[in-house]
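The first sequence maps to residues 20 to 591 in the numbering used here.
There may be inaccurate statements among the hints.
Claimed, not checked - Below, a list of computed lysine-lysine pairs in the DSS-like style, where the Cα atoms sit at most 30 Å apart:
(1) K251 to K154
(2) K587 to K385
(3) K371 to K498
(4) K251 to K124
(5) K552 to K498
(6) K498 to K439
(7) K159 to K251
(8) K385 to K371
(9) K154 to K125
(10) K573 to K387
(11) K387 to K552
(12) K383 to K586
(13) K586 to K552
(14) K586 to K371
(15) K573 to K587
(16) K251 to K125
Bear in mind the hints are in silico, worked out from the structure with no lab data behind them.
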Amino acid sequence: MLSNAEIAAVLDQVADLLEFEGANVFRVRAYRNGSRTVQDLPESVGAILADEDRQLTDIAGIGKDLAEKIETLATTAALPFLDELLERIPESVLALLRIPGLGPKKAAVLYRELNIENLDQLRAACEAGQIRELKGFAAKTEQTILDGIELAATADERIYWCHAEVIADAILSHLDECSAIRRREVTGSFRRGRETVGDLDILVDSDDAEAVMDRFDEFPGIASQTGRGDTKMSVRLDSGLQVDLRVVNAEAYGTALCYFTGSQAHNIEIRSRAKQRGLKINEYGVFWGEEYVAGKTEEDVYAALELPWIPPQLRESRREFEWAETGQLPQLVELADIRGDLHMHTTATDGKNSLEEMIAAARKRKLKYIAITDHSQRVTMAGGLDESRLLAQWAEIDRLNDSLSGIQVLKGIECDILEKGGLDIEDDVLAQADWVVCSIHYGQNQPREQITRRILGAIENPHVSAIAHPTGRLINRRKPYDVDLDAVYQAAQEHGKLLELNANPARLDLDDVACAAAKAHGVKIVISTDAHKIEGLDVMRYGILQAQRGGLTKDDVANTRTWPQMKKLIGK
DNA sequence: GCCGTTTTCGGCCCGACTGTTTTCAGTCG
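Construct all of the structure, not just a fragment, from the sequences and the given hints.
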């Protein structure tokens with residue numbers, strides 16, 4: 020049975036190929052919507068198919084045709100329609116679409132007229148001056164394509180949100196020297212708090228766009244300007260990151276902020292709703308005919324559609340409109356709600372700071388309780404603890420707790436889930452812990468059944484509190500292991516166990532969709548930093564962003580509770 | 001390909017900017 024992500028990838032590929040063929044743009048959009056919808060489902064397609072009471076066509080955006088294709092894909096791991104497309108168009112041409120400025124129309128001309136099927140052939144054609152001879156192309160386009168080939172090879176990776184934040188802050192500080200600017204904000208996927216960011220979109224409220232763009236142009240670190248018009252300017256930084264600047268006036272700022280924050284799917288929904296009410300929304304405002312009715316603030320824009328303001332983190336056209344119109348928008352968890360951090364390391368294993376230093380740092384960050392969770396013995400590279408070293412550490416924690424005030428230190432362990440199944444620390448020792456998180460470090464490439472069985476085994480152990488980084492993915496570096504998350508949610512719910520949202524910006528698993536799915540299954544999430552040094556405690560806010568995107572409230576996040584309340588929750 | 005308080009056809013968000021054109025198509029977000 021194919022996973023949702025795999026099904027979504029195929030639907031996206033079909034959309035790409037159809038687009039390349041010049042298919043109806045709305046048909047292409049239907050496949051892209053379908054892909055996104057499947058990707059965002061709180062449970063696997065397999066689980067829905069197995070349920071006699073439900074149909075794929077019950078899902079908004081999935082009609083008879085897509086439902087059939089999704090079912091075929093899920094059950095046979097193949098799609099004849101895709102094979103037909105691939106007979107007409109070689110898969111390699113899709114690489115052409117990744118070049119900035121080269122869309123399906125132009126790419127199709129290159130394929131049709133010059134038989135260009137991949138980037139190497141494209142480069143050769145550019146260098147031979149063949150491109151400029153084509154109708155609709157000229158020397159400038161040829162050069163843009165040539166530049167784009169280099170770019171496609173080097174700078175197509177989305178960067179971590181936390182890295183984007185550093186750049187965004189520098190740009191905003193730079194812009195703040197410009198007196199023509201009234202308000203400014205970083206919008207786009209950055210404002211929505213996505214775990215990675217592809218480019219930065221900056222919106223400015225000003226009556227003097229020229230002055231703003233001139234100031235922006237002086238930002239150190241700009242490698243090239245890729246466009247500049249009356250109100251909009253685009254640059255590429257030395258790092259390869261693209262930054263778009265847009266200037267509007269005060270009347271338009273709210274609608275522009277809404278528009279540039281996206282997501283695109285959310286915008287389409289917003290504008291469709293406006294249309295149904297006889298209104299029109301663009302970057303400049305909400306209009307009734309020619310008459311401007313709203314646009315100064317985002318609240319005004321949503322109000323014009325009879326909706327409450329929707330937090331940017333929820334604007335993915337998932338369930339936010341349904342929630343908004345029924346008054347059920349979740350009150351999202353905030354950093355200030357967090358009382359404890361239940362996953363961190365010390366110099367006893369692979370941490371960089373001592374037990375005392377971590378405790379002092381946690382106090383400084385106003386945490387009420389922390390769990391020390393060093394690695395267990397199997398994790399040899401980290402110098403993992405065996406039972407005797409662990410018991411010695413716990414004795415030390417007991418001693419420290421006697422003299423501490425304002426913070427409670429919990430005796431914990433990050434216990435390895437062994438390759439063959441079972442845990443790395445004896446049950447009679449685990450029984451003495453306040454908090455046990457279990458995680459997989461080895462055998463990550465095992466088949467789905469085996470990985471899932473290992474995790475379920477840990478969940479079923481009565482001494483275990485939570486499963487840490489439940490998918491093991493490292494963003495841009497390592498795929499998640501193949502695990503049946505539906506089964507994990509169900510087992511966690513049955514045994515009253517928590518699932519971790521690891522706040523490390525390279526991990527951030529469970530991701531937003533999985534957080535929402537866990538919540539739908541009645542499972543509480545614990546957001547933990549997995550700090551390996553003092554500064555590691557500060558990553559909590561990235562975990563909060565991810566949790567917000569998952570629609571989690573204070574109640575959904577276990578470590579917003581006091582420790583006595585937590586103990587009750589995990590049955591200690 | 002999806003969808004329905006304009007329901008089974010005919011619409012589907014909207015505008016800036018570029019490069020190629022002499023009024024607009026393509027791309028992007």
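Practice task
Output the numbers, in ascending order, of every earlier hint that fails for this structure.
Solution key: Violated hints: none; all satisfied.
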